[in-house]
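Peer 1: Here is what each chain is made of, one letter per residue.
2 protein chains.
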Amino acid sequence: MYSRVVEEALRKAGVDVGDRIRIEKNGEIWEGILLPRPEGNPDHIVIKLNSGYNVGVRYEPGVKLKLVEKKKPKVEKKLEETRRGGPNIALIHTGGTIASRVDYETGGVSASFTDQDLLSSVPEIFDEANVSSRLLFNVMSEDMNYKHWKKIAEAVFEELQGNLGVVVAHGTDTMAYTSAALSFMIRDLGKPVILVGSQRSSDRPSSDAFLNLLNAVRAAKLDISGVYVNMHDTMSDESTALIRGTRARKMHTSRRDAFKPINDDYVARIYWDGRVEFFQEVPGRRDVEPRLDAVFEPKTALVKIYPNFNPEILDFLIDKGYRGIVFEGTGLGHLPLNDPEFGLLSSVERALDEGILLAMTSQCLYGRVHPYVYTNLRKLSSRGVLYLGDMIPETAYVKMGWVLGHDASLEKAKEMMLKNFAGEISERSTP
Amino acid sequence: MYSRVVEEALRKAGVDVGDRIRIEKNGEIWEGILLPRPEGNPDHIVIKLNSGYNVGVRYEPGVKLKLVEKKKPKVEKKLEETRRGGPNIALIHTGGTIASRVDYETGGVSASFTDQDLLSSVPEIFDEANVSSRLLFNVMSEDMNYKHWKKIAEAVFEELQGNLGVVVAHGTDTMAYTSAALSFMIRDLGKPVILVGSQRSSDRPSSDAFLNLLNAVRAAKLDISGVYVNMHDTMSDESTALIRGTRARKMHTSRRDAFKPINDDYVARIYWDGRVEFFQEVPGRRDVEPRLDAVFEPKTALVKIYPNFNPEILDFLIDKGYRGIVFEGTGLGHLPLNDPEFGLLSSVERALDEGILLAMTSQCLYGRVHPYVYTNLRKLSSRGVLYLGDMIPETAYVKMGWVLGHDASLEKAKEMMLKNFAGEISERSTP
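Line by line, the protein sequences are chains A and B. The working numbering puts the last residue of the first sequence at 1545; the count rises by one with no breaks. The working numbering puts the last residue of the second sequence at 1545; the count rises by one with no breaks.
Fair warning: there could be bad hints in the mix.
Pairs count within a copy or across copies, as identical chains cannot be separated in the list.
Unchecked claim - Straight-line distance between alpha carbons at most 27 Å, and here's what the computed DSSO-like set of lysine-lysine pairs gives:
| hint | residue 1 | residue 2 |
| --- | --- | --- |
| 1 | K1264 | K1413 |
| 2 | K1261 | K1413 |
| 3 | K1493 | K1261 |
| 4 | K1180 | K1139 |
| 5 | K1264 | K1126 |
| 6 | K1335 | K1264 |
| 7 | K1413 | K1434 |
| 8 | K1434 | K1526 |
Derived by calculation from the structure, the hints in this document are not laboratory data.
Generate the whole structure from the sequences, applying the supplied hints.
Peer 2: So, in structure tokens, the structure goes:
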């Protein structure tokens, strides 16, 4: 996999993949385990540092390579040893990039993440806790739906018993939808549930998997309760951020610091050395009996509004028996209402007449929707469209599906939509 | 409208609405025109400063009020006088918050924005240019559609003749959609077209209307060409930012600095005193003949994907004869493909078989979609779904409607979608 020149230099130094190697270049020294070169420049020697991070060092004439220690055969017993003592933390694997790792033997990418895999790739987590792994399924998160949410909620619910906290490893694409779902589906949650993923698979030199996972385990030990997302908060490998599960949103396709809290602060920053800095108060651990409330109504839609949005699309959802619709309106929560061709007022009225739950969020993402500023908004609000304050569209959608899963009356459903269950909606503080 | 205490103090000082007043409080002094109190705390005396900004000063015992000058009757001739000399700039009004202003006589809010209105509310713009106003229509932007876009494009096209630049005053909700539409609908644009709006109506003390409008006129005089949005770039009244028309997005429901460039830098910052700071190079003025290319295919859809998105919605769009669909996928551009109930692969294949143009953007907003990272993406891309790089979803939707409006072949339409017309798509610079 490495270039011919690099392979030759490694051979001369007697270093094989998996061995501990020392690289000296221009006075700088790196030491770590030699990894197979999975992609990118074949002149970069990639090693795994003691810190758990990978680094790629460009090989040039003059670079010195030295074998430090030959690879040791895996010590099966070590897992048992590290597991003695320390708090119990459950790690549930559901798939995604974080679940893919390089196999030191073959250089291939393996999808499973067993205890043994964990031990070899992130041994530091066993210094933090007695971590038990459970492979629930292996699904890339773009393929997840409410059935997966229910299974994850059930697994988390089971693992809450006997563990100090639960970590859920998950693909990043829909992680924030799942974190919202878990926030609602497990009630009276007195312990932390931490979702974690990685933007770069762990076989890439720049992977964020190690620090994210390590800090997720650390987060699961904190005196907090509720569902959180734990991902890198900067481009560096310094720290991760804990974000409330109902406020997290993936805001970049590829950057390691893709997850941002929307209309909320970070809950905490966890540094590489384990220090924790809190930015707001969140509920602490509570000695309560959790309840599983894993219901969801799939006949719920999230509809983004845009100029020329055709009312026929809304009519179709009504015809198809959808029970609830969350709009991603414009600005403070607008829909086009008055245009003879594109005005949505009559379709909205029809939906309301048929008892469909309609609610408004904003495609701006940041800020609050507000039904009283403009005439058009008052029209919608007075007819019964719920304005969801500063709730983000994706969370509003997940919440509505969960609320409608309870088969309660429309009035009760509206009441639940506006009630704060997990930090998803806040009181208006400023006008 | 003011509290009884304030009304009494104003009466004693002999100050009426419209008069120039001096307020002294705790050693600080404000001087300006007394405005009627439109909303908020009735103990705040609201005046319009010389700078054009409004300020509210809380009245308390000890605050000194002094009449500086009684309101003068409007000088009709002044407009003609100020208009002599200076470059010609056209200002096209289309409605929105910026078009609402307080009437000093009645305290009511008036919707029109005539030359005379402008003169009394933002006299500074006549120091900058010979501004001619044109009221095209008065539509709140949530009600705008492609027919309005065409009318605005036509009006801009007309005003390009004989003016150094064109300013379009527009509601903020869909301003970024319109700026994208104008970016495509006017070809060979050798002058600046500046969209401007306000988040707070000009009758509110915190209005951003004045600085935005003043700086829009300044921007229209710059040596740049193309379509830009000019709005506040911070919470303060210090400066506005010029954002490329295809990169602007309203990212907050109410803040004055709601507009952000996505996957782009600001083009320039314009300070209150007229200084301009550029952050990137943009095309300068060019002596070219503009062409009006105001076409749009309304049978184009923007579809945001979310977990449990039902394939029946996509099938409906196919049944209804939609000619193009822009997906807001997850992450790097994913759709759920493989689930027996929610997988979209067969619907996507059906759409492609029927010659529907399908393209992919990301709901992350920031970053690029990329078809080669994961297997699911390769599946979509190899079957003909276009990946639109770093184009933002709303711009991609507007562009697709414009492209399909040309009734060209599917191949030609694909080629146009991937071609950069107005900075809407950039070459991949980093892996």
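Peer 1: Now tell me if each hint is right for this structure.
Peer 2: Verification of the hints:
In the homo-oligomer, the alpha carbons of K1264 and K1413 lie at most 27 Å apart inside one protomer (16 Å), although the nearest pairing across protomers, at 37 Å, exceeds that limit. Within a single copy, K1261 and K1413 get their C-alpha atoms as close as 13 Å, which meets the 27 Å cut-off; across copies the closest is 34 Å, which misses it. Taking identical chains as interchangeable, the C-alpha atoms of K1493 and K1261 lie at most 27 Å apart only when they sit on different chains, with a minimum of 24 Å there against 37 Å within one chain. Taking CA atoms no more than 27 Å apart as the test, K1180 paired with K1139 passes inside one copy only; the shortest distance there is 12 Å, against 75 Å between copies.
Taking CA atoms no more than 27 Å apart as the test, K1264 paired with K1126 passes in neither setting, with 54 Å inside one copy and 70 Å between copies. Only within a single protomer do K1335 and K1264 lie at most 27 Å apart by alpha-carbon distance; the minimum there is 24 Å, versus 59 Å between protomers. In this assembly of identical chains, the alpha carbons of K1413 and K1434 lie at most 27 Å apart whether taken from the same copy (9 Å) or from different copies (21 Å). Within a single copy, K1434 and K1526 get their C-alpha atoms as close as 23 Å, which meets the 27 Å cut-off; across copies the closest is 36 Å, which misses it.
In this structure, only the earlier hint numbered 5 is contradicted, and the remaining ones agree with it.
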